[in-house]
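**Q** Protein chains in written order, with our numbering: chain A, 1 to 201; chain B, 202 to 864; chain C, 865 to 1162.
I should point out that these hints are in silico values taken from the structure, not numbers from a laboratory.
Note that the structure is a prediction, hence the values are computed from the model and not measured.
Treat the hints with care, since some could be wrong.
Claimed, not checked - Quick look at which bits of chain B chain A covers, simulated, 3 or more residues with Cβ under 8 Å:
| # | region |
| --- | --- |
| 1 | 408-419 |
| 2 | 477-485 |
| 3 | 835-845 |
Said to hold, decoys possible - Mimicking BS3-like on lysine-lysine, the simulated pairs with C-alpha atoms at most 27 Å apart in a straight line are:
| # | chain 1 | residue 1 | chain 2 | residue 2 |
| --- | --- | --- | --- | --- |
| 4 | B | Lys-580 | C | Lys-1094 |
| 5 | B | Lys-775 | C | Lys-871 |
| 6 | B | Lys-580 | B | Lys-660 |
| 7 | B | Lys-786 | A | Lys-20 |
| 8 | B | Lys-660 | C | Lys-936 |
| 9 | B | Lys-660 | C | Lys-871 |
| 10 | A | Lys-20 | B | Lys-794 |
| 11 | A | Lys-20 | B | Lys-427 |
Unchecked claim - Here are the in silico distance ranges between beta carbons for each label pair:
| # | chain 1 | residue 1 | chain 2 | residue 2 | range |
| --- | --- | --- | --- | --- | --- |
| 12 | B | Ala-524 | A | Met-30 | 17 to 25 Å |
| 13 | B | Gly-837 | A | Trp-26 | 20 to 28 Å |
| 14 | B | Leu-238 | A | Trp-26 | 41 to 49 Å |
| 15 | B | Ser-206 | A | Ile-185 | 54 to 62 Å |
| 16 | C | Val-1148 | B | Gly-466 | 19 to 27 Å |
| 17 | B | Leu-208 | A | Val-67 | 22 to 30 Å |
Even for Gly, the Cβ is constructed at its ideal location relative to N, Cα and C.
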Amino acid sequence: MSELAETAVLHEERRHSDDKTMFGFWTYIMTDCVLFASLFATYAVLHNNTFGGPSGRTLFSLPYVLVETLALLTSSFTCGLAVLAAQRGFKKQVLFWFALTALLGLVFLGMELHEFHDFVAQGASWRRSGFLSAFFTLVGTHGAHITAGLIWMITMMTQVARRGLTRGTLRRLQLLGLFWHFLDIVWIFIFTIVYLQGVSL
Amino acid sequence: MMFASFLLGRLNFDAFKHPVVTEGAAVGMVVGALLTLALVTYFRKWPYLWREWLTTTNHKKIGVMYLIVSTLMLLRGGSDALMMRTQQATSVGSSHGVLSADTFQQVVSAHGTIMIFFVGMGFMFALINLILPLQLGARDVAFPFMNATSFWLFTSGMLLVNLSLVVGDFSTAGWLAYPPLSELQYSPSSGVDYWIWSLQIAGIGSLMSGINFITTILRMRAPGMKLMQMPLFAWSVLGSMSLVAFAFPILTVTLALLALDRTIGTHFFTAGGGANAMMYVNLIWAWGHPEVYILVLPAFGIFSEIVPTFSRKRLFGYTSMVAAIWGIVFLSFTVWLHHFFTMGAGADVNAFFGIATMIIAIPTGVKIFNWLFTMYQGKIRFTSPMIYFMGFVFLFTMGGVTGVMLAVPAIDFQVHNSLFLVAHFHTMIVSGVLFGYFAGLTYWFPKAFGFKLNEALGKAAAYCWIIGFALAFGPLYILGLMGATRRLDHYDASTGWHPLFLVAGFGALVISCGVALQILQIIYSVLTRSWHRDLTGDPWNGRTLEWATASPPPFYNFAVLPLVRERDDFWASKQLAKPSNVQPKYEPFLELKSTGAPIIIAGFAFVFGFGIIWHIWWLVAVGFVGIIATLIARTGNDDAERVVSVAEIKKVEAEIVARMEHV
Amino acid sequence: MRGSRRKLILLLLPVVVLVVVAVWYLSRTNIPVMEPAGQIGAKERNLIWMGVGLSVLVVIPVYVMTIAIALKYNERNHRTKKIQYSPDWDRSRLFEGLWWGIPIVIIGILSVITWCSSHSLDPYRPLDATVRPVTLEVVALDWKWLFIYPQQNVASVNMLEVPENTPINFDITSDTVMNSFWIPQLGSQIYAMPGMSTQLHLEANKLGTFAGSSANISGVGFAHMTFTTKSVSAADFNKWLAHAHASQHSLDTASYNQLAQPTIGHAVTYYSSVQPGLYNELVVKYMTPAQQGQVQLQ
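Put together the whole structure using the sequences plus the hints.
**A** Rendered as structure tokens:
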């Protein structure tokens, strides 16, 4: 077999391998959906069990959470721009948009932690009631995912800066984008079910 | 003092004080482990072990390692079972048997946990790893790196469970650790934490395996193989792994919430605090019921391979069989409430879940009839896998029937949590799952190792298992009706249970003989392997693709990926029997290099788990950061694959030919 | 064929002997679930027999088919005589229709039975009564059972005495972990859970003494969480009440907190009076934050 033909065969295999990775990642996202669904179910069961403690109505501040939400939604948009730039091969743009995404992600995470800290200071920690346990766990699990996403993003930025947009980094960037959008969608559910309904109930 | 508690958390010398029985087991285990390590060091096998096994990403080697771990765990879980039988045969009236109540409850909890997670799941992943890629005509699984990580996480979990024998104690809350009993207030020791973290770590491994095998089946089939041409084993694995993907995240959440309750004081399942313990029971069974089908579907798949092969006939009702699998997969998520009819849900709810449960009997029954009709008008060879199959049909039908009885809520009110229930689910799991896996192991052993197991010993072991099972669990059905509840470390003589417990104990001894014979079978077969080597690659006159390559297969499975045109393609090609003189056209391919990352990640996971169990927070941090750092380092490695050239394939193929001619 | 027939007899003989011995043994053994002493237990026993009957309808054909096919199509027989061999026959609308159809019919019948029996034997359904039912409040403790008779204002530990042919309305809770309240000879069990109150309706229709226990693991003393149920005549029940009323113990917050301490093998104890509302207090204390002067959260 000639060297050229050999390269063609391997190229085809690599392409197939990328396809596999994408498929596997979608399957993973589905399992993560089940994980969040279980947490939402837990929250639904416990959200009235305040055990004499504060309820969502007294704790949540909608304007604050709205700002938080906007930060995350914008980060999803910039993340999309980053992946688009990556597909076109614009390395500097990729780094810029990802830096912006990470920044917005940090803003979101910081605001969330500040909110948590605020609640705990008011005596509304996760030890207070079933409702608060479920609240901290559901929102906190999303926050942990965001943290993981940020670590991943920083890792990818270093890789892109050092190696450029290779086949490997490109594939991982696409998965990262998918992951980040997924977290955005989960947050919309949290915003609606936890905060909006928590305030109106 | 402050420093000591920082350094050691809540770990102290009391953690090493145990009753004599546990101490004996712990010492035996530690000595055994040390001896193994010493032998490896003495024979200077570390480099070989590291290179060929500990860092491998090859599915066949991972399968073998799963097999070894699960076999060891079968012995551990079996010893637990023997201790339980001994206790219940002796602890009557004024005698209090050999174990204290606390130790007995640890043994009960460990037995269930180990048998489901480290024997059932372990054997299942062993067989899937060994055979699935071969059956699909693939070179490996979709994500070999993740596959190795899954295995090592599984091993980490296994080590944690067994470590509880040496350091601290194990859960006494039963294999599913119902709260509030499993909460800190009622179980303050580290036992439940061992349970949580060993399952959490192993469970995440299983979840990753689920994703891996789904992708393998849907993306890696040999050219031309349509879904409806897949072997039934592959179909059943797809069903089972879909269940893993949907059910295991629920387990992850449930365990995590219990851990939060115990570690940082949340109120999910505590008594009081606005918690809801019944939510745990719902959640754990929303995972737990599908789990049963996760285990049994691959066993069904194995029978669907064995029966046609040993009847020399096509599988009867292929389409029905596939439909039945998906019927079971779907229904298994609609029945979890039947595990707690006695919780006081309304009659409508109970009736709904009872009927849904019974409906599962329909596809299961269809499968049994299809297997029987595969045998009808066939040429049946009664090899030991077929003996297991016959035992399965007899026992599983019994188990199914008692299952339908338990599905009637009004009957369940009288036998729930009694030994009747225990007998029922052991009938399903031993005859359905274990017999299936034993049959599969015997059947595929020559494929994995290149020689057959001794048939005489295998048949004797199978008969011991079947007869022993009937003797050990038949009495339990009656005992349940006599009012004997499960997990009793002692009972009154006036109950009249003693004679039946003695019979059950005798049955357990007969099963032990079966296990001893199986061990003997393996040792004997290894020693005499030169007598029954499999040189053809097809020792049973098989029908599916795994028999189309050498035994054991080369590391790439198939020099040329097979082209599939129909169901049972290999069988069909044998019927044509035209020897081809055409030189096969080899093509290069990519292989993942060996890597130490999976075992390192699992090592950190172990450290992480141990830290949390004992509240040693710096250790938790080390484990956590270690996992993340290893993962980051790994994603940065763009040199993970190597090209297997045509020249190398030719060389390996020539070696295989030489090996056959030499012997 | 003759060889395998001999083998079959050799295999079946021990099975037959075993079954005969088992039947002989069981016929002279007391099996509470199958020998109920109350109407609920009796109906459930009938359901079990019905289940066994339907099972036999399924099991016998499967067993006979399996043995017949295994014997006839053994490879060895193909060598000695002409037996049908159809290696490629792999489907039949008729047969597959049969074994999808027949189970569907059987399960259909069972579903109707399940639906009806789930409602008629619902533990929450009060029994039809001609006499005034007895109300009983049951509390699972570590590791004993407390029975409160609110109408009679007495209580007992590990001893449940009930009048014959009188419906008993149980309210059941736990002041510790989850347990399950079960008297096999009377019928249905139900969970005892902290912060929740479940209901059970039973009736003893025979005089006698029946064993009761917890069916759910609840800690180190779990195996000893047994109690005695006595079904007595109305006159004897009144005598027993008088006896209990004569007890020097009374059940108030202090003595309850004393009782709630974990013990194994607690002796039968009677209380001549019970603090009103104690049971409700025990349930509610898990649902709201603690207030002063209440029973302690265990």
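**Q** Which of the numbered hints above does this structure break?
**A** Hints 4, 5, 15, 17 not satisfied by this model.
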